[in-house]
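The residues making up each chain are set out below.
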Amino acid sequence: MSNPQQLRYSKEHEWLSAAGEDGVATVGITEFAANALGDVVYAQLPEVGDTVTAGETCGELESTKSVSDLYSPVTGEIVEANQDVVDDPSLVNSAPFEGGWLFKVRVTEEPADLLSADEYTAQNAG
Amino acid sequence: MSSTELRHTALDALHRALGATMTDFAGWDMPLRYGSERDEHVAVRTKAGLFDLSHMGEITVTGPEAARLLNFALVGNIASVGVGRARYTMICQADGGILDDLIVYRLAETEYMVVANASNAQVVLDALTERAAGFDAEVRDDRDAYALIAVQGPESPGILKSLTDADLDGLKYYAGLPGTVAGVPALIARTGYTGEDGFELFVKPEHAVELWQALTKAGEGVGLVPCGLSCRDTLRLEAGMPLYGHELTTDLTPFDAGLGRVVKFEKEGDFVGREALTEAASRAEQNPPRVLVGLVAEGRRVPRAGYAVVAGGEVVGEVTSGAPSPTLGKPIAIAYVDAAHSAPGTAGVGVDIRGNHEPYEVVALPFYKRQK
Chain A
1 MSNPQQLRYS KEHEWLSAAG EDGVATVGIT EFAANALGDV VYAQLPEVGD TVTAGETCGE
61 LESTKSVSDL YSPVTGEIVE ANQDVVDDPS LVNSAPFEGG WLFKVRVTEE PADLLSADEY
121 TAQNAG
Chain B
1 MSSTELRHTA LDALHRALGA TMTDFAGWDM PLRYGSERDE HVAVRTKAGL FDLSHMGEIT
61 VTGPEAARLL NFALVGNIAS VGVGRARYTM ICQADGGILD DLIVYRLAET EYMVVANASN
121 AQVVLDALTE RAAGFDAEVR DDRDAYALIA VQGPESPGIL KSLTDADLDG LKYYAGLPGT
181 VAGVPALIAR TGYTGEDGFE LFVKPEHAVE LWQALTKAGE GVGLVPCGLS CRDTLRLEAG
241 MPLYGHELTT DLTPFDAGLG RVVKFEKEGD FVGREALTEA ASRAEQNPPR VLVGLVAEGR
301 RVPRAGYAVV AGGEVVGEVT SGAPSPTLGK PIAIAYVDAA HSAPGTAGVG VDIRGNHEPY
361 EVVALPFYKR QK
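Residue numbers (the numbering used here), protein chains in the order written: chain A, 1 to 126; chain B, 1 to 372.
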C-alpha cells in the first residue's frame with residue numbers, strides 16, 4: 001500500500017490535498033485507515049457551510065464492526081461533501097485516495113504537525 | 001494482551017500468506033477477514049466459505065458413566081443423544097446462570113466430545129472436571145488435539161463429496177461421523193454457525209494445512225473463499241443464533257434468553273441448576289422479563305451492542321448484537337426488550353444511536369432462514 005507523495009497526512013489517518021488558489025483542499029481517509037475499518041457501510045459527512053476545526057470530529061464512518069469518528073485535519077469551512085460516498089460508502093474502501101474522498105474545505109488554518117507521505121508511512125509501520 | 005502472548009492456530013502462516021487481517025479473539029490470533037467481509041458473507045450465503053475455527057475448545061468425556069456425568073453437568077438430556085449425533089446444549093451455574101453454550105457430539109457409547117466457546121473453554125473444562133467427582137468418567141482437555149476447519153454454504157456438500165467417500169447424504173444436520181477427507185482422518189460433522197448447510201471438520205493440527213489446501217482446490221470452480229470471524233458474526237446474527245457474551249451471560253438463565261427448550265427437566269436424576277431453573281421457567285412463563293427480539297433499521301445507522309432500545313422516550317431494552325446485514329441490505333440487531341414492546345410490529349420502538357433515537361421495526365428472529 002503506498003501513500004501518494006503529493007498529499008499530507010494527519011495522525012488520525014486523514015489525507016489532505018494541497019490547497020488550490022481558492023484555498024480549497026480535499027480530505028479523505030487513507031487506505032491504511034480504510035483497511036483497518038473494513039467495509040464502510042455508512043458515512044455521515046459534515047455539511048456545506050459547516051465550520052470544522054483541526055483535530056476535532058466532524059462526522060463518522062460506520063463499518064461492519066465499528067463506528068469511527070471522522071476528524072478534520074485542518075480548520076476551515078466545508079464547501080462540498082462527497083455525495084457519491086454518502087450514496088455508496090464502499091467507495092471509501094475501493095478508492096480511498098480518489099473517488100472515495102470525503103469533503104472539500106476552504107482552509108483558514110492548518111496545524112503544524114501534518115505529516116509527509118514518508119512520515120505517515122513510517123508512523124504506521126511502527 | 002500483547003501479540004506475543006496470543007495463541008496461533010496450525011493455519012496461521014497460511015492466513016498471513018492470504019493477506020488476512022488478524023484479530024485477538026479470546027486470546028487467539030484469528031483471521032478477521034481476508035478481503036471484504038461483505039463479499040465473504042455473500043459467498044457463504046450463495047456459494048461456500050472456508051473458516052479456521054481452531055480456537056474452539058474441545059473437551060473429551062469418556063468412561064462408563066460419561067453419559068450420566070454429562071446429564072448431571074449440563075442442562076440437556078445428553079444420555080439420549082444417539083451415537084453419531086450431536087446436540088446443542090448449555091452448561092449452567094447452580095443459580096441457573098449460563099456458563100456457556102455447547103455442542104456435544106456422541107462419538108461412541110462411552111465417548112463424547114464437548115465443544116465450548118474459546119472464551120469459555122477453561123471455565124467449561126474446570127466445571128466439568130469439578131462436576132465429574134464421584135462419576136466413573138474422565139474429562140480430558142483436547143484443545144490442542146484438534147484443528148477445526150468449517151466449510152459452509154450451499155456448495156459445501158459438493159466440495160466435500162469430491163474429497164471423501166463418507167456418506168454425506170446420510171449425514172443429517174447435527175450429526176457427525178469419523179471418516180477420511182483428502183486422505184486425512186477427520187470427524188465430519190454437519191454443524192455450523194452460519195444458517196447455511198455446511199460441515200465442520202475436526203482434524204489433528206498437523207493435518208490442518210493439507211486439508212485447508214485440498215478444500216481450497218476442490219472449491220476453486222464453485223466460488224469457495226476463505227472467510228474470517230467478521231462474516232461469521234454477521235452470518236450467525238442474520239440466522240438469529242446467540243453468541244456467548246452478547247445474548248448469553250452468567251446473569252441470564254436459558255429461559256431469559258428464550259432458549260428454555262434446551263433445559264430437560266424430564267431427564268433422570270439431578271443436574272446442576274435444576275432447582276434454580278425450575279423457578280426461572282415459571283417466572284418466564286408468568287411474568288416474562290425482557291424478550292429477545294430482532295430489530296431492523298429503517299435508516300442506515302448501525303446499532304451496536306450496549307445501545308439502549310427506546311420507546312416513548314423511555315429505555316425499554318438493550319441491543320446485544322448489531323451489524324449491517326448484507327442479506328437484508330439494512331442494519332439489524334438482536335436486543336433484549338421489555339415484554340410490552342417485544343411483539344413483532346410494535347410501533348414506536350427505536351435505538352438510541354449516540355443520542356439520536358433512530359426508528360426500528362421489531363421482528364421475530366431469525367432475520368434469515370435458508371430455503372431447503
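Honestly, the hints are just simulated from the structure, not real lab data. Glycine is no exception: its CB is placed at the ideal position from the N, C-alpha and C atoms. It is possible that some hints are incorrect.
Cut-off 25 angstroms, straight-line C-alpha distance, at most; resulting in silico cross-link-like pairs (DMTMM-like, lysine to aspartate or glutamate) [what the hints assert, rightly or not]:
id, chain 1, residue 1, chain 2, residue 2
1, B, 330, A, 110
2, A, 11, A, 98
3, B, 204, B, 5
4, B, 330, A, 88
5, B, 47, B, 65
6, B, 330, A, 119
7, A, 11, A, 69
8, B, 264, B, 167
9, B, 204, B, 29
10, A, 11, B, 24
11, B, 264, B, 95
12, B, 204, B, 251
13, B, 267, B, 29
14, B, 264, B, 279
15, B, 161, B, 197
16, B, 47, B, 130
17, B, 267, B, 130
18, B, 330, A, 22
19, B, 330, A, 118
20, B, 372, B, 358
21, B, 330, A, 87
Quick partial rundown of chain B residues pointing at chain A, CB under 8 angstroms, derived from the structure [claimed, not checked]:
id, residue
22, 33
23, 36
24, 37
25, 38
26, 230
27, 234
28, 300
29, 301
30, 302
31, 304
32, 308
33, 323
Do the hints match the structure? See the list:
1. Proposed proximity of residue 330(B) and residue 110(A) is contradicted: the alpha carbons are some 38 angstroms apart, above 25 angstroms.
2. Only pairs whose Cα atoms come within 25 angstroms are accepted, and residue 11(A) paired with residue 98(A) is accepted, the gap being roughly 20 angstroms.
3. Using a Cα cut-off of 25 angstroms, the hinted pair residue 204(B) and residue 5(B) holds, with the two alpha carbons roughly 23 angstroms apart.
4. About 13 angstroms separates the Cα atoms of residue 330(B) and residue 88(A), which keeps this hinted pair within 25 angstroms; it holds.
5. About 43 angstroms separates the Cα atoms of residue 47(B) and residue 65(B), which puts this hinted pair outside 25 angstroms; it is violated.
6. With a C-alpha separation of about 39 angstroms, the suggested pair residue 330(B) and residue 119(A) falls outside the 25 angstroms cut-off, and the hint is violated.
7. A distance of roughly 13 angstroms separates the Cα atoms of residue 11(A) and residue 69(A); the hinted pair therefore holds under the 25 angstroms criterion.
8. Restraint check: the Cα-Cα separation between residue 264(B) and residue 167(B) comes to about 31 angstroms, which exceeds 25 angstroms; the hinted pair is violated.
9. Of the supplied pair hints, the one linking residue 204(B) and residue 29(B) holds, its CA atoms being roughly 19 angstroms apart against a limit of 25 angstroms.
10. Restraint check for residue 11(A) and residue 24(B): satisfied, since their Cα atoms lie roughly 24 angstroms apart, inside the 25 angstroms limit.
11. For a cut-off of 25 angstroms, the pair hint linking residue 264(B) to residue 95(B) stands: about 16 angstroms separates their Cα positions.
12. Between residue 204(B) and residue 251(B), the direct Cα distance comes to roughly 36 angstroms. Violation of the 25 angstroms bound is thereby established for this hinted pair.
13. Pair hint residue 267(B) plus residue 29(B) does not hold up; C-alpha atoms about 40 angstroms apart against a cutoff of 25 angstroms.
14. The straight-line distance between the Cα atoms of residue 264(B) and residue 279(B) is roughly 14 angstroms, inside the 25 angstroms bound, and the hint therefore holds.
15. The hinted pair formed by residue 161(B) and residue 197(B) meets the criterion: a straight-line CA distance of about 14 angstroms does not exceed 25 angstroms.
16. Between residue 47(B) and residue 130(B) the alpha-carbon distance is near 44 angstroms, which puts this suggested pair outside the 25 angstroms criterion.
17. For a cut-off of 25 angstroms, the pair hint linking residue 267(B) to residue 130(B) stands: about 21 angstroms separates their Cα positions.
18. Of the supplied pair hints, the one linking residue 330(B) and residue 22(A) is violated, its CA atoms being roughly 40 angstroms apart against a limit of 25 angstroms.
19. Pair hint residue 330(B) plus residue 118(A) does not hold up; C-alpha atoms about 39 angstroms apart against a cutoff of 25 angstroms.
20. Only pairs whose Cα atoms come within 25 angstroms are accepted, and residue 372(B) paired with residue 358(B) is rejected, the gap being roughly 35 angstroms.
21. Distance hint between residue 330(B) and residue 87(A) is fulfilled; the C-alpha atoms sit about 14 angstroms from each other, no more than 25 angstroms.
22. At a threshold of 8 angstroms, the smallest CB-CB gap from residue 33(B) to chain A is about 6 angstroms, leaving the interface hint in force.
23. Nearest Cβ of chain A to the Cβ of residue 36(B): about 5 angstroms, under the 8 angstroms cut. The hint holds.
24. Checking residue 37(B) against chain A by beta carbon gives a least distance of about 5 angstroms; that is within 8 angstroms, so the hint holds.
25. The criterion of a C-beta within 8 angstroms of any C-beta in chain A is met by residue 38(B), whose closest approach is roughly 5 angstroms, and the hint holds.
26. The beta carbon of residue 230(B) comes within 6 angstroms of a beta carbon in chain A, closer than 8 angstroms, and the hint placing it at the interface holds.
27. About 6 angstroms separates the beta-carbon of residue 234(B) from the nearest beta-carbon of chain A, less than 8 angstroms, and the hint is met.
28. Checking residue 300(B) against chain A: minimum C-beta separation of about 5 angstroms stays under 8 angstroms; hint holds.
29. Nearest Cβ of chain A to the Cβ of residue 301(B): about 6 angstroms, under the 8 angstroms cut. The hint holds.
30. With a cut of 8 angstroms, the hint placing residue 302(B) at the interface with chain A holds, because the nearest CB-to-CB distance is about 5 angstroms.
31. Checking residue 304(B) against chain A: minimum C-beta separation of about 7 angstroms stays under 8 angstroms; hint holds.
32. Interface restraint check for residue 308(B): the shortest CB-CB distance to chain A comes to about 15 angstroms, outside 8 angstroms, so the restraint is violated.
33. A distance limit of 8 angstroms between C-beta atoms decides the matter here; for residue 323(B) the minimum to chain A is near 6 angstroms, and the interface restraint holds.
Against the hints set out earlier in the document, violations occur for numbers 1, 5, 6, 8, 12, 13, 16, 18, 19, 20 and 32.
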